[in-house]
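Got chain A; can you put chain B on it based on the hints?
Chains A and B, in that order, are what the protein sequence lines are. The first sequence maps to residues 7 to 210 in our numbering. The second sequence maps to residues 84 to 354 in our numbering.
I should point out that these hints are in silico values taken from the structure, not numbers from a laboratory. Virtual Cβ for every residue (Gly too), placed ideally from N, Cα, C. Hints are supplied without guarantee of correctness; some may be wrong.
As the list claims (entries may be wrong) - Sample of chain B residues facing chain A (criterion: CB under 7 angstroms; computed from the structure):
#, residue
1, 128
2, 130
3, 271
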Amino acid sequence: MSFVRQEGQHRVAMTPQYDEFNNQFNAMVQTLNGSLDRENLPTSCIGRGELATRAAWRGSITDGLMLDSSYYDSLTSGYEGVDYDLYHGGWVTHSTAPSMACKEGMLHVEFNCWAWHESSSVVGSADMYFRFQLVIPGLGVIAQSDKIYTHMTSVFLVSDIPVTQGSHSVQIQWLCPSPDSGASLTQRFFWWEGGSLLMINRYR
Amino acid sequence: MSRIDPTTYTPAEESLISATGLTSKFSEVEVATAALDDENVSAEGIDARNLDSPFVLSALRMNNNADGSPHTYSSVDAAQSYELTHGNGMDFAFPGGLSLESGDILRLHYQVYMASHNEALINNAGARTLFVVYPMWDLTSTSLVNMEVLPEHTDIHSSSSVPLNTPYQLEDFDSSGAYKTHGYAVYPTYGYLSGSLIETRRAPHGVWNYRVPSALTLYGFRFYFRGPFLYQHYSSGGSDFRAWVYATSYAMNVTFERGQASFLALRGGAT
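One chain only, chain A, in its complex shape:
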């Protein structure tokens, strides 16, 4: 806030009292010691010339994200993707967790990719879906998709969350249910790629 006179104003012919002076002076000092804000600045007082280069916000884009090769069994024809010999269920954290040095403020996170999964009639499970979520270690899950039953589609997650100053990373996690009994170990059933993750910190 700007400095507001609260202790009265000296007028002609008045004799200033010691406590009036001390109180007014201390009020001014308190403002200067940590309460300066936009109210102290005139409108349009700062332009690019006064700002340090790229001072307003920090951004990070990581693209080329796709299923980790450790969950991928190659074929020479047909389906490509995760099979039950490599994955048995549960949340999997992607090996790339983009991070950024943040200032105290808000962190805007967007993730998008496209994914394919096999139909229930092929894998023998009546509840075949996949889902994604974003996790910031120390803060928890910041965004989570619903169960997605569509066999191919784009996925989009977005979240805005307050963060402290320091480095913050965003983990991408995916999940696909385990099969019913009788499914083949080499049955491919899930794949994602076309992944991109945007982080913007302190955008105003």
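Leaving out everything else, chain B in the frame of chain A:
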């Protein structure tokens, strides 16, 4: 940080305020305020109204469906691409060119509602068939006649009449920045069977976020669709990669409805 701690002189009861004392007290203020820094300024110390140079360089929003009617594209086949022209079309145009600098971040979001198609052969959840809606941009022409594939993206916009089994390579684990697809929106072909129509009823969210690597001038975006493709591994003639493949010839009707897009260009950010 700058910190004023006026301890040199404090007027007390029953005493006269001395000129020397006042001078020293205000000198403390003078010295301290010469070094005001971010510790003295609250977290929201500066916001948009204090800034005379905006950080949103450009913000546009577009709705292509002012006429409110769905549009059917006829005889659709993956052999060629189709511009989304229904409603008011889906162009973002910067007639004078939008000058972008290295470090600017572009954010393009779009959704187009696919209502239906009429090809029962791809109404199969296990078929791995898909349509793609994708943007292209123009960096040279004020009249938007030089549309280019997005940087590093796989080119699915190849000219018409491509032959069957044409593969469009997808990014692989060891690829170096090519064949990306994150700026494209993928649509399933599976849907609700209603008479002769497969009602897909979906509007996947397409996103393209991009940091401008060097100065360029942007004249506009235009949106297209292509398909149906088949997602599969392609191995033939020495080629071996995952791909979207033009696998079967169709002459199908595809109906799109509402479409929306938004675009932001941000400046002033650090990496």
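field: Numbers of the earlier hints that this structure fails to satisfy, in rising order
entry: none
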